[in-house]
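**Q** Chain residues, written in single-letter form:
Number of protein chains: 2
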Amino acid sequence: MDRPVGEKSSGAPTIVEVDLGNRSYPTDIGSGLLDQPELLQKHVHGKKVIVVTNTTIAPLYLDKVVEALTKGNPAVSVEYVILPDGEKFKDMDTLMKVFDKAIESRLDRRFTFVALGGGVIGDMCGFAAASFLHGVNFIQIPTTVMAQVDSSVGGKTGINHPLGKNLIGAFYQPQCVLIDTDTLDTLPDRELASGLAEVIKYGLIRDAEFFEWQEKNMEKLIARNPNALAYAIKRSCENKAEVVSLDEKESGLRATLNLGHTFGHAIETGFGYGQCLHGEAVATGTVMAVDMSYRLGWIDSSIVKRVDDILPRAKLPTASPETMTVEMFKSVMALDKKVADGLLRLILLKGPLGNCVFTGEYDRKALDDTLSAFCKS
Amino acid sequence: MDRPVGEKSSGAPTIVEVDLGNRSYPTDIGSGLLDQPELLQKHVHGKKVIVVTNTTIAPLYLDKVVEALTKGNPAVSVEYVILPDGEKFKDMDTLMKVFDKAIESRLDRRFTFVALGGGVIGDMCGFAAASFLHGVNFIQIPTTVMAQVDSSVGGKTGINHPLGKNLIGAFYQPQCVLIDTDTLDTLPDRELASGLAEVIKYGLIRDAEFFEWQEKNMEKLIARNPNALAYAIKRSCENKAEVVSLDEKESGLRATLNLGHTFGHAIETGFGYGQCLHGEAVATGTVMAVDMSYRLGWIDSSIVKRVDDILPRAKLPTASPETMTVEMFKSVMALDKKVADGLLRLILLKGPLGNCVFTGEYDRKALDDTLSAFCKS
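Going down the list, the sequences are from chains A and B. full-length UniProt numbering puts the last residue of the first sequence at 377; the count rises by one with no breaks. full-length UniProt numbering puts the last residue of the second sequence at 377; the count rises by one with no breaks.
So here's chain A without its partners, still in its complex pose (with noise of 0.2 Å):
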């Protein structure tokens, strides 16, 4: 860290790089950044701006975004569309109205859209941005921690089906991500630790220190010490960033940010959007991956032992929701992206610490195991 844990970070952003040819950009990180117009401007194209938000999110920073946008750049006019908020309007229906809005404001495509809000409203807003008029420009302004560390940074975007989770989206970067850590101000506890759960998927997949560091920070975090969630963001962005410009398009390195994701959408999808919150089905899907990696004879108790203790820490769930079975379980895990000709694919980890696999070799008897330890039928 560059300041001391407590000290409230300001002025010049600091920035992690997403490194991807010609199409890397920057990621801002810091406190006070919605109040530097130029941090924004520089990366307006064109004159038009739609801002895609939601009910939450609008009457908390729609004005002052507008505003960013605006002072001092009189030629832009900024439009807006305030979608309904929640993981189930992350749909075509609701798609649609970002591209009615578009249409409506004979927006050519010299224009740039803004998402301002969590990972709903940056997958929907970015994948409106890749297929409209095939792809016009787009900045990210994630205000939840999830969004923050996962979901803004690698391009990532998409719907929902009514079958299953991010079935239908692209590929498609943005021209920067703007992180203002002020907007956590607002952020439900619930919602901060739902976005922990991927700040600990870091420590765990690849990064051995930074889950050392979240062991001595843990209660910081959850008190939202202002350094300590700046520190733990640029982390997680530095990780994310990483792995994304090793593979970009998923074609092996990446799949391993999904720890925990594949148990996790069968949770997600057994239990109903917006049940339970994607972290929360994260933290149970890491603590199925981990048992699973531990009957395989892949880890050893510790580690076991070191997520048990700090996933109620972070205030997430460790078991699986009641009505879960391991029918669910098995007949959402067969439609995951992660199967090939087949095979599901896992990440689980394997050696010590901040080490893991993708793979889908591994002993059946092991995911029986798993599922049937975590489930009552």
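Accuracy of the hints is not assured; some may be wrong.
One copy or any two copies: either way a pair holds, since identical chains are not told apart in the list.
Unchecked claim - Calculated pairs, DMTMM-like style, for lysine to aspartate or glutamate (alpha carbon to alpha carbon, straight line, at most 20 Å):
1. Lys220 <-> Asp369
2. Lys88 <-> Glu191
3. Lys338 <-> Glu104
4. Lys315 <-> Asp35
5. Lys249 <-> Glu238
Since the hints were made in silico from the structure, they are not lab data.
On the provided structure of chain A, position chain B as indicated by the hints.
**A** Frame of chain A; chain B shown alone:
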């Protein structure tokens, strides 16, 4: 030409390479290609294929394509989805049927979409391939002249919005394009003529020698002389492939492929999709663009005359539908993708035959005069 006109080609395909770095792919052109299973099979990834086709083409060629995919290749299973035929079904609802089928079939990333049909099928199936699981493998088998010489080459995929054509889509390249010229045997005369509008376009914008060849051979094309058609398709694909290689994402040069299309799209939209064929609208649009180029003093009258002469020989219209008004043209053209910061850029001929420009710098009066000349009100 490699062979005298009139002798039917067969055997090994003529190959036009589309050079796009690591997304390069071949276009195979020839007679009897669907009887050579290896041509298709070498481009199939994974063990599952979904053929996307329509109610017109399925009874004619679906069995043949399924056989080409599976002959001597029992490991591959083929499913299909048969969509209603027509531009009016190139919409989000119909696209969702393709996603539904893919999800029902429990497809994973290692599978292949095959588009079997005209431009509507190719565009929709291509957008489905671009968007399903963030992008899967994709093969085009175009069965109309329009799709063979234009829409199947270059990776533009997408659907229409109620307010405008092709407003939603992606740039996404196939694994290969397979053009079996035998599939044209069942193409209605009006559809054949429609495709020739794009063939004529290549001559006008960049290939005067090809235009001169067409002036000598138009009656052979209309009479479906197999070698004349194969040559026109090959040379059109070469022209398009060259343009696309130089400007995949349409930052400039590629826009020149839209000669006549801005006027043409207005006719299609104003007249109602399906009332006139795309190439018919483009033919009239080309006459309008040529008229405007002449009013600007950018071409001499001999080019106007040659265009007015060749289009009727290709059974294509040169007048705007009677119901079109100046206002209808203007309101649709204002939504065109080539508008930049409010300024409509057009593709216009300039200089000797085979030369064009893509520009927003022209005298507005010439545009107004052309619109008035082609509309009753």
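**Q** Now tell me if each hint is right for this structure.
**A** Here is what the structure says about each hint:
1. Within a single copy, Lys220 and Asp369 get their C-alpha atoms no closer than 36 Å, and across copies no closer than 71 Å, so neither meets the 20 Å cut-off.
2. Taking CA atoms no more than 20 Å apart as the test, Lys88 paired with Glu191 passes inside one copy only; the shortest distance there is 16 Å, against 43 Å between copies.
3. With identical chains, the CA atoms of Lys338 and Glu104 are at most 20 Å apart between copies only, with a shortest distance of 16 Å across copies and 39 Å within one.
4. In this homomeric assembly, Lys315 and Asp35 never come within 20 Å of each other (Cα to Cα): the closest approach is 32 Å inside a single copy and 63 Å across copies.
5. Taking the shortest Cα distances, Lys249 and Glu238 sit within 20 Å of each other inside one copy (18 Å), while across copies they are farther apart (30 Å).
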